[in-house]
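A.B. asks: So the chains spell out like this:
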Amino acid sequence: MSKRVETAESPPEPRREIPIPLDAVDRRTVLKYIGLGALGAVPLVASTQLMDGLVKDVVTGPEAAGLAAPTGDATTKFGRVRQWTMIIDLAKCDGCQSQGTPPQCTTACIEGHFAPQPMQWIEIYEAELSGGGTQFIPTPCQQCENPPCVKVCPVGATFSTPEGTVLIDQDRCIGCRICMAACPYDRRFFNWGKPPIPPEAALADYSPEQQTPASRGTVMKCDFCPEMVRGGTLPFCVQGCPNDAIWYGDFEEDVATNGRQIVKATQLISERNGYRLKEHLGTQPRVYYLPGHGEDIGRDPENEGRMPTEWPWIERAEGAVTWTR
Amino acid sequence: MDTMTNWHERLIRKTTRPTLVTTYRYWVWVAFLVAIVANGVFQYSKQWSEGLYVTGMRDRISWGLYITAFVFFIGISHAGTLISAILRASKATWRAPITRIAELITAVALVVGASFVLIDMGRPERIFNVFRYGRWQSPIMWDVMAITTYLTASVIYLYAPMIPDLALYRDRLANKVGFIRRFFYETVALNWRGLPSQVRFLGKAITIMMLLIMPIAVSVHTVVSWIFAMTLRVGWNTSIFGVLFVAGAIFSGVATLVLVMATLRRMYHWEEYLTPKHFLYLGYLLAAFAGFMIYVNINEYLTEGFKLEESGEFAFRQLFIDDFAAMFWFYVIGGLIAPIVIMLIPKTRTVAGVVVAAILVDIAMFLERYFIVVTGLRVPLMPYEPASYAPTFIEWSIFIAGVALFLLLITIALKVLPMFAVWEMTEEHELAIARQTEPVLQTGYEGPAPGVSGSPGPDGLTEGGLS
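Those protein sequence lines, which keep their order, are chains A and X. Reminder that position 219 of the first sequence reads as 523 in this note's numbering, one-by-one numbering, no gaps. Reminder that position 367 of the second sequence reads as 597 in this note's numbering, one-by-one numbering, no gaps.
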C-alpha cells in the first residue's frame with residue numbers, strides 16, 4: 305500500500321474535462337479509440353496455446369464451445385491470464401435521476417447485447433437505506449469465483465473461465481433452470497418464448513462471450529464483455545454510465561478504469577471500504593461495491609424512484625413475444 | 231387339503247377375472263383416460279412450439295407445477311419399496327396380497343414422474359446432452375442416475391416375483407386369451423416350471439433385489455430433495471430436506487396404495503384378499519408417518535423460525551399467514567393431524583376411514599410439494615417486489631394428463647399382469663392352515679417361526695438367498 309500508482313479518491317463534484325456525448329453509440333466509438341485506459345496501454349499478447357491449456361484445465365466440460373476460437377486472448381504482457389473485476393461506485397450512482405433517462409448502463413447493455421426484453425443483465429435495484437431513503441445498486445452478474453450456478457449445471461453449459469468470469473453456452477443449455485434456482489443474486493434470465501430481438505441481432509456470430517442471437521428455452525446473463533475488452537473497449541455498461549460510476553479492471557495487473565481515470569484496483573476497493581453483495585454466502589463475487597447513495601453527484605437519498613428500463617429496438621423485433629419477469 | 235384346493239381355485243378365478251372379463255365400463259374408463267392424456271399431449275404440442283412462455287413460470291418463480299408433479303410422483307413411487315421390500319425383509323406375512331399392486335404403483339409412478347422433468351425442460355430435444363456432457367457434480371445428474379437406477383431395479387423387483395404367476399397365467403389361461411397375450415405369457419414366464427432349482431434361484435434373486443432396492447429408494451427421494459437443498463435459497467437450504475422428502479414420499483406412497491387397493495377391491499370384489507386388516511395396517515402406517523412428518527416439520531420450521539435469519543420472516547409469513555397459508559394449514563390439519571385422529575378413534579378406524587385419510591394425505595402431500603417448490607423461489611433475493619405464480623390452463627392440462635397416464639398404465643396392467651402374488655398368497659395360506667392345526671405356534675401375523683413350518687418353500691426362499 306506504500307506505492308501509489310494513481311489516486312483513487314473521487315472528487316466531490318463530477319469532472320467534465322472531456323465533453324461526453326450522451327448518445328451511447330457515439331460515446332462508444334470515441335472510447336474505442338481514446339478511452340482504453342490501462343487495457344489499451346498494455347499490448348495484448350496472443351498466446352492461444354497457453355489459453356488452450358488453461359481452458360482444458362479450468363473450464364468445465366470437454367470443449368466449452370467458442371472459447372478456443374478468439375484470437376486475441378486476455379493475457380498481460382507477461383503472459384499471465386487477466387482476472388477481470390468490476391468496481392461499482394454507489395456514491396456516483398443516482399439511477400440516472402439527474403439525466404432524466406432510464407439507467408444508461410442498462411440501456412447501453414441492452415443496445416449492445418440485444419438483451420431480450422425483459423432481461424436487464426445489469427439491473428439497477430433500489431434498496432432501502434437503514435436510516436430511510438434509498439440507494440441505487442447497479443447489479444450485473446456477480447461473476448462469482450465460487451459460483452453456485454456452475455456447480456449445479458448438469459451439462460456444463462455454464463462454466464467458469466480462466467479469466468474468472470462465468471459464461472453460458474446457449475448451444476448446450478437444456479433449459480432445466482436449476483442455475484436460476486441456485487443463483488443468489490437473481491441474475492439469470494430465461495428465454496421463455498421466442499426471444500424478442502431486433503433483426504440485426506440475427507446476423508451476429510454466436511459465441512458464449514457474445515450471446516447473440518438469443519435462443520428460446522435457454523438461460524442468459526451478463527457475460528462481463530470479455531470479447532470487447534480483448535478488442536480494447538470497455539464493457540457497454542461502463543461506457544454507458546454518464547457519471548463514471550463503474551470501474552472495470554484486472555486484478556492480475558491490479559488496475560481498473562472507468563474510461564476516464566486509471567487506478568490501482570485493490571487500493572480503490574480498500575480505501576473506499578469496498579464490499580461485495582451477500583459476502584457471507586461465500587460465493588466470492590468479482591464485482592465490488594463502494595458504499596454510497598449517489599451523494600458524489602448530489603443525490604438526496606430521499607429522492608426515490610428511477611425511470612423504467614426501455615428496450616429501444618423492441619418495435620423492430622418482429623413476431624416476438626415479451627414477458628415480464 | 232380339499233379346502234385348500236378350493237381356496238386356491240377360487241383365488242385364481244378371482245384374480246384372473248380382470249384379465250379374462252372386459253366389460254364395456256372398462257372401455258369407457260380407458261377411453262376417458264386416453265382422452266385426457268390426448269388433451270395433455272395436444273397442450274404439450276403448444277408448449278413445444280411456443281416454448282415455456284405458455285406456462286405461468288417466469289424468471290423469478292422458474293419452477294412450478296411440473297416440478298411439483300415430478301416430486302409428487304417420484305414420491306408416490308416409494309409405496310412399492312416400503313410395502314414390498316421392508317415388509318418382506320421383516321417377514322410380515324400380511325403383505326402378500328398387496329405387494330404386487332404396490333410394486334406396480336412404483337414402476338408406473340416413476341415413469342410418469344420422470345416424464346415431468348422432460349416436460350419442464352426448455353430444450354427437451356437436447357435431453358441427450360445430459361449423457362453427452364453430463365457432469366457428476368450436478369444434483370440433476372444425481373437425479374438422472376438415481377431415478378434410472380430405481381426404475382430399473384423396480385421393474386426387476388416387480389417382474390421377478392411375478393414369474394411364477396405369469397407361468398400360472400400361461401398354464402391356466404392358454405385357451406382363454408388371444409394369441410398375443412398367450413405369446414406374451416409364454417415369453418415372460420421364462421419357462422418357469424416350479425422346479426426346486428428355479429425356486430431357489432428366484433428366491434435368491436428376490437432377496438438380492440429386496441436388499442438392493444431399499445437403499446436405492448431412500449437415495450432417490452433424498453437426491454430429489456437435494457435439487458432444492460443444494461441451493462442457497464431460504465427454506466430450501468436445510469439438511470433436513472432429505473429426511474422430509476423420503477418420509478413424505480413413503481407417506482404419500484402408502485396413501486396412494488390404499489386408494490388403488492380400495493378401487494380394485496370394489497371393482498373386482500377382492501374383499502377376501504384385500505381385507506379390512508390390510509387397510510387398518512396401512513392406516514396405522516399412515517398415522518405413524520404422519521407423526522414422523524410432524525416431528526420433521528417441527529424440526530425444520532423451529533430451527534429456522536427461532537433464528538429468523540435474513541429473509542426468514544418473509545418466508546414464514548407467506549407460508550403461515552399470507553399467500554400460501556390455506557395450503558399450509560390444510561397440509562398440517564388435513565394431511566398430518568387428521569390421519570392420526572382417524573386412526574385413534576375406534577369409530578373411524580374402518581376401511582372407509584382409512585380411505586378418507588389416504589385421500590387427505592395425497593392432497594396434502596401434493597400441496598406440500600407445491601408450496602415447497604413455489605415458496606422457496608418466491609422469497610426475493612434482491613430488493614424487488616415478490617413475484618407471483620399461478621399455473622396456466624396448459625400446465626393444469628398436462629398435470630392432469632400425468633395423473634390420467636398413471637391411472638391408464640395401471641388400468642392396462644390390470645388387463646395383462648397378475649395383480650396378486652398368487653404363489654406367495656398360497657404359501658401364506660398354507661402356513662396359516664398349518665398353524666391352526668398346531669395351536670402352540672399361533673402367534674398372530676408375526677410369521678412362522680423359522681424351521682418349524684415344515685414347508686421348505688417359503689423359508690427356503692428368503693433364507694436360502696441370505697445365506
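By construction, these hints were calculated from the structure, which means they are not laboratory data. Be careful, since some hints might not be right.
[What the hints assert, rightly or not] Restricting the straight-line Cα-Cα distance to at most 30 Å, the calculated cross-link-like pairs of lysine-lysine (DSSO-like) are:
#1 K455/A <-> K498/A
#2 K537/X <-> K455/A
#3 K276/X <-> K498/A
[What the hints assert, rightly or not] Just a few of them, taken from the derived set where beta-carbon distance is under 7 Å, the chain A residues facing chain X:
#4 P458
#5 V459
#6 G460
#7 R481
#8 D490
#9 I566
#10 L585
#11 I618
#12 A624
#13 R629
Predicted model only: the values in this text are computed from it and were never measured. Built from N, CA and C at the ideal position, the CB exists for glycine as well.
A.B. asks: Taking the hints in turn, state whether each one holds.
C.D. replies: A quick look at each hint next to the structure:
no. : hint              : in the structure
1   : K455/A <-> K498/A : holds, 28 Å
2   : K537/X <-> K455/A : holds, 28 Å
3   : K276/X <-> K498/A : holds, 13 Å
4   : P458              : holds, 4 Å
5   : V459              : holds, 4 Å
6   : G460              : holds, 5 Å
7   : R481              : holds, 5 Å
8   : D490              : holds, 4 Å
9   : I566              : violated, 31 Å
10  : L585              : holds, 6 Å
11  : I618              : violated, 16 Å
12  : A624              : violated, 10 Å
13  : R629              : holds, 5 Å
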